[in-house]
Amino acid sequence: MNGKGEMELERENRLLLAALLYEQGHPRRTQHILKVYALAKLIGEGEALMPEELEMVAAAAILHDIPIRRCKERYGDACQENQRMEAPEMVESFLREAGYPAGVSQKVLPLVLLHHQYGEADKDKKLRILMEADLLVNYLEKEEPISPEQLQGFFQTATGCQLAKAMSKRPGRC
4 MNGKGEMELE RENRLLLAAL LYEQGHPRRT QHILKVYALA KLIGEGEALM
54 PEELEMVAAA AILHDIPIRR CKERYGDACQ ENQRMEAPEM VESFLREAGY
104 PAGVSQKVLP LVLLHHQYGE ADKDKKLRIL MEADLLVNYL EKEEPISPEQ
154 LQGFFQTATG CQLAKAMSKR PGRC
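Residue numbering for the sequence shown follows my numbering, starting at 4 and increasing by one per position.
The hints are simulated quantities; they were obtained by calculation from the structure and are not laboratory data.
For glycine and all other residues, C-beta sits at the position ideal for the given N, C-alpha and C.
A hint or two may mislead.
[Stated by the list, open to error] Quick list of in silico lysine to aspartate or glutamate cross-link-like pairs, EDC-like style, CA-CA up to 16 Å:
hint : residue 1 : residue 2
1    : 110       : 127
2    : 110       : 56
3    : 75        : 147
4    : 44        : 56
5    : 110       : 92
6    : 110       : 147
7    : 38        : 26
8    : 168       : 146
9    : 172       : 152
10   : 145       : 127
11   : 38        : 56
12   : 128       : 56
13   : 128       : 152
14   : 110       : 95
15   : 126       : 56
16   : 128       : 50
17   : 129       : 48
18   : 75        : 89
19   : 38        : 144
20   : 129       : 56
21   : 110       : 13
22   : 110       : 26
23   : 168       : 147
24   : 128       : 13
25   : 129       : 26
26   : 128       : 15
27   : 44        : 15
28   : 128       : 26
29   : 129       : 58
30   : 44        : 26
31   : 129       : 50
[To be verified] Okay, the calculated beta carbon distance ranges per label pair:
hint : residue 1 : residue 2 : range
32   : 27        : 99        : 16 to 26 Å
33   : 126       : 24        : 29 to 39 Å
34   : 105       : 155       : 40 to 50 Å
35   : 172       : 96        : 18 to 28 Å
36   : 37        : 122       : 36 to 46 Å
Sequences are here, hints too, so could you generate the full structure?
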């Protein structure tokens, strides 16, 4: 406990709290962070990631869209190019303030920068997990079923595939 009677949060929870507070109650972005974070951790655990890898995936899931607000405020546009420009400083700052060691941003930032570069998914299991979690949440938020082509074409982790099949409401295989 700190001097104010509040419990000290684990750094992952400090990061999550900071990201949620940063969004200032914006309903869609706040909910999106929470959903992607939960699914990324679930898929990561299902894929038996090592604890350090799971921590990187969780941090990237929390921060994957963190530049959106700043980009909208500064440029009036949160396109991918603007987000990639703002992400390095923001990711570093959020991680540092949450108490992550100095080198962690070098592992988390590439995941944040590449999470929409689907051609890169096969190069890093952590990136694939983040992408699958984000895509699953995007489908949920749009209330669109996942097509059989999307099932076969993208979802490759066992847990992500299982979730995608359930959300597709159609038989199919990954």
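* Identify every previously stated hint that the structure contradicts and give their numbers, smallest first. => 3, 6, 10, 11, 13, 21, 22, 24, 25, 26, 28, 30, 35, 36
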